[in-house]
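> The lines below spell out each chain.
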Amino acid sequence: MSIDFSPLWISIKTASTATVLVFLLGIAAAWLLTGYRGKLKGLIDSILTLPLVLPPTVVGFFLLVLLGRNSPIGQLLNSLGTQIIFSWSATVVAASVVAFPLMYKTARGAFEQIDINIINAARTLGVPEWKIFWKITIPLAWPGIAAGTVLAFARALGEFGATLMVAGNIPGKTQTIPVAIFFEAEGGETGRAFVWVILIFIISLVVMTLMNYWTEYQRKNMPSVWRN
Amino acid sequence: MKKFQSIIAIVITIVLAIGLIGCGTKNTADIKSGQPEAKNVTLTVSAAASLKDAMEEIKTLYSQEKPGVTITYNFGASGSLQQQIEQGADVDVFLSAATKQMDALKVKGLILDDTRKDFLKNDIVLVIPKDSSLIADFKDLTNANVKKFALGEPKSVPAGQYGQEVLTKLNLMDAIKSKVVYGKDVREVLTWVETGNADAGIVYGTDAKTSAKVKTVATASEDSHTPVLYPAAVIKASKNVDAAKDFINFLYSDKAKPVFEKYGFVFVAK
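First to last, the sequence lines map onto chains V and D.
Residues in the first sequence are numbered from 1003 upward in steps of one, following this note's numbering.
Residues in the second sequence are numbered from 9 upward in steps of one, following this note's numbering.
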């Protein structure tokens, strides 16, 4: 049984890139919305959470139309001589969109748990807002942020429906492990499908476990704010 | 406080118990009342995705003739439908878009051989988005301005398998290999072409006919691929063999013929 291992690298590359993107965007969105007091808060929150509740195929179709060649975005990219649909970037876009709500929701939960008195105390002491964010908010919310990151990575790694719709199935380019599993199983190549199933199982388990131990390690070695 | 909690617990238990008794009685009543009307059967029909529109119309037609029979469809790629049946899915009738899947089930003894018949034939065509004029024939796929070309995954999608045969026969497959995007079924290929994200795609003649957003530029010659025959058969494990046989005979009959022809199929059951 000869196996082309390109889906492994594509999957790891896609999930890692998507996690970095979602980590930054998710925290930013969570932070902005925690501070936002306007009437649209509920609506904005729903929109940001939508990819989590919609079926991935709906997200995929939406992205296909939004980024496709006949859309304004697609035409702009086309004039620059590039395309997102059916390229590796499409796998990242699909994985990021579906993983985003997990990061955003968990981070926002963590931000809202923070005792506002601590932040107000810092303010009365004249600490600038950006410093409060980096030195107080982020460390206090870190367990939640770490959990969100693990969830986002896991979701990005397992993304299938939306990915297949916007990135297609191009071996060596956009074929991720879940897509490979689907086509091997459909094509009756149960043995190969099984190899991929085992592999994705191992990757998920290793990443989640490492992340858990790391969070635990940090909790023990940075006692200042978490031990209360 | 403790007392209050235990009262609540007792109330909840009673409510749930009554609820459960209620369910139980209702179910027995259903079974009792259902027994005299044994004619009410539900047939599960696993059909290739390309048959979707025609089969929905067949369903309406058939329900006029046999009001007691409810038809439930399960549409998908023939390969996955075959897999589901092999894994023991509760299916009564299988309509495949290629003989390969039906043969596989036959070898495993999962179909009633005497009910099997190739009843439809389809064309393999090359489609492009409606407002495009990029290509006019299969050989134009090698043009540099054709960036992405959609094809069903040959291992599981019959349309992809036929398409690959055509391209291999025309000696084009190697030249365009880098442009191919493999779809999980023929409808996905069609969506990609409809939305203009693929410059061209290979689908069935019937798919091209149902979509207003694509146009057919070439039809593969009959000798360039194995004939696209749609076999049907009753699944051996069916619990409603008689009803299933009746339905399948309806598909083979002249009543069903105009429906299939309307959607671009060639009716070959005799």
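Hints are computed from structural coordinates only; laboratory data are not their basis.
Warning: the hint list may mix true and false statements.
What the hints assert, rightly or not - List of simulated lysine-lysine pairs, DSS-like, C-alpha gap at most 25 Å: (1) Lys163(D) to Lys1175(V); (2) Lys60(D) to Lys147(D); (3) Lys217(D) to Lys247(D); (4) Lys1175(V) to Lys155(D); (5) Lys244(D) to Lys125(D); (6) Lys1015(V) to Lys129(D); (7) Lys185(D) to Lys1175(V); (8) Lys129(D) to Lys187(D); (9) Lys223(D) to Lys1015(V); (10) Lys217(D) to Lys147(D); (11) Lys60(D) to Lys1175(V); (12) Lys74(D) to Lys223(D); (13) Lys116(D) to Lys270(D).
Keep in mind that this is a model prediction, so the values were computed, not measured.
> Taking the hints in turn, state whether each one holds.
For each hint, the structure was consulted:
With a C-alpha separation of about 19 Å, the suggested pair lysine 163(D) and lysine 1175(V) falls inside the 25 Å cut-off, and the hint holds. For the hint linking lysine 60(D) to lysine 147(D), the alpha-carbon distance of about 31 Å lies beyond 25 Å, and the restraint is violated. Taking the CA atoms of lysine 217(D) and lysine 247(D), the gap is about 36 Å. The hint is violated against a cut of 25 Å. Of the pairs offered as hints, the one joining lysine 1175(V) and lysine 155(D) holds, with about 14 Å between alpha carbons and a cut-off of 25 Å not exceeded.
Between the alpha carbons of lysine 244(D) and lysine 125(D) the distance comes to roughly 15 Å, so the proposed pair stays at or under 25 Å and holds. At most 25 Å may separate the alpha-carbon atoms for a hinted pair to count; lysine 1015(V) and lysine 129(D) exceed this at roughly 44 Å. Restraint check for lysine 185(D) and lysine 1175(V): the C-alpha separation of about 13 Å stays at or below 25 Å, so the hint holds. In summary, the hint linking lysine 129(D) to lysine 187(D) is not supported, as the alpha carbons are separated by about 29 Å, beyond the 25 Å threshold.
Simply put, lysine 223(D) and lysine 1015(V) have alpha-carbon atoms about 38 Å apart, too far for the 25 Å limit, and the pair is violated. For a cut-off of 25 Å, the pair hint linking lysine 217(D) to lysine 147(D) stands: about 22 Å separates their Cα positions. In summary, the hint linking lysine 60(D) to lysine 1175(V) is not supported, as the alpha carbons are separated by about 32 Å, beyond the 25 Å threshold. For the given pair, lysine 74(D) sits about 38 Å from lysine 223(D) by alpha-carbon distance, which is inconsistent with the 25 Å threshold.
The straight-line distance between the Cα atoms of lysine 116(D) and lysine 270(D) is roughly 35 Å, outside the 25 Å bound, and the hint therefore fails.
Taken one by one, the earlier hints fail for this structure at numbers 2, 3, 6, 8, 9, 11, 12 and 13, listed in ascending order.
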